[in-house]
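Asker: Using the sequences and the accompanying hints, generate a full structural model.
Residues per chain, in single letters:
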Amino acid sequence: DAGVIQSPRHEVTEMGQEVTLRCKPISGHNSLFWYRQTMMRGLELLIYFNNNVPIDDSGMPEDRFSAKMPNASFSTLKIQPSEPRDSAVYFCASSYRGNSPLHFGNGTRLTVT
Amino acid sequence: GQNIDQPTEMTATEGAIVQINCTYQTSGFYGLSWYQQHDGGAPTFLSYNGLDGLEETGRFSSFLSRSDSYGYLPLQELQMKDSASYFCAAPPLVFGKGTRLSVIA
Chain A
1 DAGVIQSPRH
11 EVTEMGQEVT
21 LRCKPISGHN
31 SLFWYRQTMM
41 RGLELLIYFN
51 NNVPIDDSGM
61 PEDRFSAKMP
71 NASFSTLKIQ
81 PSEPRDSAVY
91 FCASSYRGNS
101 PLHFGNGTRL
111 TVT
Chain B
1 GQNIDQPTEM
11 TATEGAIVQI
21 NCTYQTSGFY
31 GLSWYQQHDG
41 GAPTFLSYNG
51 LDGLEETGRF
61 SSFLSRSDSY
71 GYLPLQELQM
81 KDSASYFCAA
91 PPLVFGKGTR
101 LSVIA
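From first to last, the protein sequence lines stand for chains A and B. So for the first sequence, the numbering used here puts the first residue at 1; every next one is plus one. So for the second sequence, the numbering used here puts the first residue at 1; every next one is plus one.
These are computed hints drawn from the structure, not numbers from a lab. Values in this document were obtained by computation on a predicted structure and should not be read as measured data. One or more of the hints may lead you astray.
Now the in silico label distances, taken between C-beta atoms and shown as ranges [unchecked claim]: (1) Asn52(A) - Ile104(B): 44 to 50 Å; (2) Ser7(A) - Phe29(B): 30 to 36 Å; (3) Ser73(A) - Ser65(B): 35 to 41 Å; (4) Gln79(B) - Arg109(A): 33 to 39 Å; (5) Met15(A) - Pro74(B): 41 to 47 Å; (6) Ser65(B) - Asp57(A): 20 to 26 Å; (7) Thr20(A) - Gly28(B): 17 to 23 Å; (8) Ala16(B) - Ser58(A): 28 to 34 Å.
Here's a subset of chain B near chain A, in silico, CB distances under 10 Å, partners left out [said to hold, decoys possible]: (9) Ala42; (10) Pro91; (11) Gly98.
Here a beta-carbon is modelled for each residue, glycine too, at the ideal position from N, C-alpha and C.
Answerer: Set out below in structure tokens:
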């Protein structure tokens, strides 16, 4: 079991650039979640998918954020254009089903200058 | 609204016993989970309560009282490696801000 795999681990970009974060969930898990973690706001759920279908995206902060899950083994979170306030650690997590324990990836530390 | 409250910081000595408390106000409550996160790492699952009472999951246990909207995570025989942040959560939507536990010699 390779666990949830996220890439890249670190991303440094300039304001206005497009950023794409990637996630491969654990095989057989039906639910996938994107979280953002900052010191001020803690862990915030951005969006989650069930069987590749977005169920709740109310946590997506703005239209600059979008997420896709084209198949059961891959998801992306895109920020376009990026802003300095988007700097945070972004975690992807998967679970067997919605209320099962979450398995988190190692996160992507995003810095927007 | 949905909210989870837990202490911000705690300090304890090696070998001691501590209890991290959590109160919650959430809609559609399905249970309370606990996660541990070391600095620079990812949250990892510790324990889950779907029903009232004490639940034991390996080394970790957790308690839930639905009538009081309250739960806690007891940590026994603390070791230095237990220094981490502990999150109470009503997954998948709501996480507490975390309790930073420092274990000192």
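Asker: Give me the numbers of the hints this structure contradicts, sorted from smallest to largest.
Answerer: 4, 6, 7, 8
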